[in-house]
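Peer 1: Sequence:
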Amino acid sequence: MLVKTDTRECAVIDKTVASAVEAVADIPDGASLAVGGFGLSGNPIVLIEALLAQGTRDLSVVSNNCGVDDWGLGVLLRARRIRKMTSSYVGENKEFERQFLSGELELELTPQGTLAEKLRAGGAGIAAFYTQTGVGTQVAEGGLPRRYDGSGGVAVASAPKDVRTFDVAGGAKEFVLEEAITTDFALVHALRGDRHGNLVFTKAARNFNPLAAMAGRICIAQVEELVEPGALDPDAVHLPGVFVHRIVAVGSDIEKRIERRTVAAEGK
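Mapping of the sequence shown onto the UniProt record's numbering: residues 1 to 268, in sequence order.
It cannot be assumed that every hint is accurate.
Here are the simulated PhoX-like cross-link-like pairs (lysine-lysine), alpha carbons at most 25 Å apart as the crow flies [as the list claims (entries may be wrong)]:
{"#": "1", "residue 1": "Lys161", "residue 2": "Lys173"}
{"#": "2", "residue 1": "Lys256", "residue 2": "Lys94"}
{"#": "3", "residue 1": "Lys256", "residue 2": "Lys203"}
{"#": "4", "residue 1": "Lys161", "residue 2": "Lys84"}
Estimated spans, in silico, between C-beta atoms of each pair [said to hold, decoys possible]:
{"#": "5", "residue 1": "Lys161", "residue 2": "Ala231", "range": "42 to 50 Å"}
{"#": "6", "residue 1": "Ala25", "residue 2": "Ser151", "range": "37 to 45 Å"}
{"#": "7", "residue 1": "Gly91", "residue 2": "Pro28", "range": "29 to 37 Å"}
{"#": "8", "residue 1": "Thr16", "residue 2": "Glu108", "range": "19 to 27 Å"}
{"#": "9", "residue 1": "Gly230", "residue 2": "Ala79", "range": "38 to 46 Å"}
{"#": "10", "residue 1": "Val154", "residue 2": "Ile13", "range": "45 to 53 Å"}
{"#": "11", "residue 1": "Ala53", "residue 2": "Val154", "range": "18 to 26 Å"}
{"#": "12", "residue 1": "Val154", "residue 2": "Lys94", "range": "16 to 24 Å"}
{"#": "13", "residue 1": "Gly142", "residue 2": "Arg57", "range": "28 to 36 Å"}
In case anyone wonders, no lab produced these hints; they're calculated from the structure.
Everything numeric in this text was worked out from a predicted model, so none of it was measured.
Positions of the beta carbon are idealized from the N, C-alpha and C atoms, including for glycine.
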């Protein structure tokens, strides 16, 4: 946005939007999304619920997992809004299992570290990279079920990937080529952010959020606390605002869940 001050024009970098509804309003049917979170930690639940209410469907989602049946990305899945998931973990969600085995949902199962690097590489402009993870398995050789036919057969399987040998410390080793991931949009959650989009995450909620933000062509961040530019110590910023395009304050009293609460009996 440009504003006129006296006879000079200066750029005003204010990326705030008034509500989550406004922030996700232009996400169309069929869009691809990178979504932060690990389990239910760091889920951008306010943005997810706004997208659910909007009715957007046929989404291709990249995220470590798909929440649980009634929380996180699981609410979009339950409403049949997700066409494809690219994930490293698919437990804790019975509806995910049902849709995948019935052929309703496509799944690109990806090793967790590889998924993280695919997102980071996409945000850094790196087209692909070689890794040892998956060498000698169906990850490299192909044949992993991506969609079932509903009768127990595989309708779509993963394709073989390029494998090359490189001389590294310790001798020649095989590596598999993995392509980077970029998406149309990214949805992330942060503890604190300023109007320029600089973000600070907290503890385990940091997880995949910075990587997802980097991979999205348009990154939308929900923050618990919105501060003015200059309020954040530059050394404390986990993700610079160059990767963030919209920021919406959701407050610190939003509901935060965990998958399972495990406690010991009193006195033990």
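Peer 1: Decide, hint by hint, whether the structure agrees.
Peer 2: Do the hints match the structure? See the list:
1. At roughly 16 Å between alpha-carbon atoms, Lys161 and Lys173 fall within 25 Å of each other, so this suggested pair holds.
2. Restraint check for Lys256 and Lys94: the C-alpha separation of about 21 Å stays at or below 25 Å, so the hint holds.
3. Distance restraint check for Lys256 and Lys203: the Cα-Cα separation of roughly 14 Å lies within the 25 Å cut-off, and the hinted pair is therefore satisfied.
4. Proposed proximity of Lys161 and Lys84 is supported: the alpha carbons are some 20 Å apart, at most 25 Å.
5. Taken as a hint, the range 42 to 50 Å holds for the pair Lys161 and Ala231, whose Cβ atoms sit roughly 45 Å apart.
6. Separated by about 40 Å at the C-beta atoms, Ala25 and Ser151 satisfy the suggested range of 37 to 45 Å.
7. Checked against the hint of 29 to 37 Å, the pair Gly91 and Pro28 passes, with Cβ atoms roughly 30 Å apart.
8. At roughly 34 Å, the beta-carbon separation of Thr16 and Glu108 lies outside the given 19 to 27 Å, and the hint is violated.
9. Checking the proposed 38 to 46 Å range against Gly230 and Ala79 shows it holds: the Cβ atoms sit about 41 Å from each other.
10. Between Val154 and Ile13 the Cβ separation comes to about 49 Å, which falls inside the hinted range of 45 to 53 Å.
11. Take Ala53 and Val154: their Cβ atoms lie about 35 Å apart, and the range 18 to 26 Å is violated.
12. For Val154 and Lys94, the hinted distance range of 16 to 24 Å is satisfied, since their beta carbons lie about 21 Å from each other.
13. Distance hint check: the CB atoms of Gly142 and Arg57 are about 30 Å apart, consistent with the given range 28 to 36 Å.
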